[in-house]
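Peer 1: Residue numbers (full-length UniProt numbering): 1 to 432.
What you were told as hints is all true, and nothing was included just to trick you.
Ranges between beta-carbon positions, derived for each pair: (1) Asp106 to Tyr286: 53 to 61 Å; (2) Gln260 to Asp214: 47 to 55 Å; (3) Thr61 to Gln251: 18 to 26 Å; (4) Leu58 to Ala301: 34 to 42 Å; (5) Leu192 to Lys281: 30 to 38 Å.
Just so you know, the hints here were simulated from the structure itself, not pulled from any lab data.
Since we're looking at a predicted model, the values are computed, not measured.
All residues carry an ideal CB built from backbone N, CA and C; glycine is no exception.
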Amino acid sequence: MSTPLTGPAHRQAHEPTALLTATLALLSFVLPLATDMYLPAFPKMADDLGTDASGVQLTLTAFLFGTALGQLLLGPLSDRYGRRRPILLGAAVCTLATALCAVAPDLPVLILLRFVTGFTGAAGLVVGRAVVSDVATGTVAARLFGVLMALGGIAPIVAPLAGGAVAGDAGGWRGVFWVLAGVSALMFLAALFFVPESLPEQRRRPGGARATVDALRCVLTDRAYVGYTLAFAFACGALFSYIAGSAFLLQNVLGFSVGQASVAFCLGALTATLSSAASTKLVDRYPPRLLLRVGLTVMLAATTAALLITLAGRLDRVPALGLIGIAFLGLGQVFGTATALAIERVPHAAGTGSALLGPLQGVLGGVASPLIGLGGDDTAVPLFTGMALCSLAALLALALTRRAAPLERSAGPAADDMDSPAAAAARPAPFT
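Take these sequences, add in the hints, and give me the full structure.
Peer 2: Printed below as a string of structure tokens:
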């Protein structure tokens, strides 16, 4: 059974292992898997439950709403009660709710259960990020977040393929939820045995609703935290712009078949995943903020070039896929570094800081998606316009961090000092 990490001396004697890294990656993996894996089964679900496409889509809406609300509430709770209890309770209820989805008798029950699944499953995502901030700072944290983002990026690639395979066999859409319940149970067991209590009692925030409000005010008045969080959110907006319009771009504009479009979409996700993996090595040589700025600049340059080519009527498969690939290379440098830089600013309220990342991402994604659709389904102009504007907004948000107050030494070593002897002695040991 795991033991608390209560101080630097303990961490130096018992360094967290790669097993903990893998467990945190699993916590980040389950929620996107639960989002995408059952999408291929939508038509069968509609027939079985006696509803239409819009009715089935309400199950996804409920899940996403539950995820956003869960992150907002469970993150601050983990600052008060520690990390293990919210993760374990969330994983246990998520497993039960997912299993009940597999036997749901009708659509209203399924919608309710999907909300519960999203709410409780959010614990692994939001509290897992807080665990990283508890045990690592600076380049170490950026590298770890890059690992989590890279592994989590595999979910959008494998989930639709796996879901289609399960739903296409005798298991049907209910079989998909049984598989998801099994993965959720694995998440619970992994957290039970391999996730330590990383927030000792002396560092927890006492109090109830007032303390939560104070924590929110604390993180939202940190200029750098706001800048990094907005940069992260607008980068997500660029990603959602692509997701919303990719099917129309690849099939209607570029003329790919459904199968070819699926492969092209997976290649984009794979590019971002490989770039995130590369960022885990690059942070050892370059400051995370520099990598973030370069990533956003690459995104803006690639999407602007794609927009100009589209407006000139010269867009075809090679430049479109090439520029999208370049944009995703930049995107892969953004998520891990932005997350690490944001949460490092508020180590005294890491759960709260982590909690705000997800809902803001969802809001911008929810706004971007329908706006892209308003431009029509036979042009790439709305898609590349949305991606370029979101990339520009992310760069402008990053500018907010220039004049931010330096990170207080009491909150932990600053990123720029991570290689100094004092910082090396003060920071928690990295995962190995």
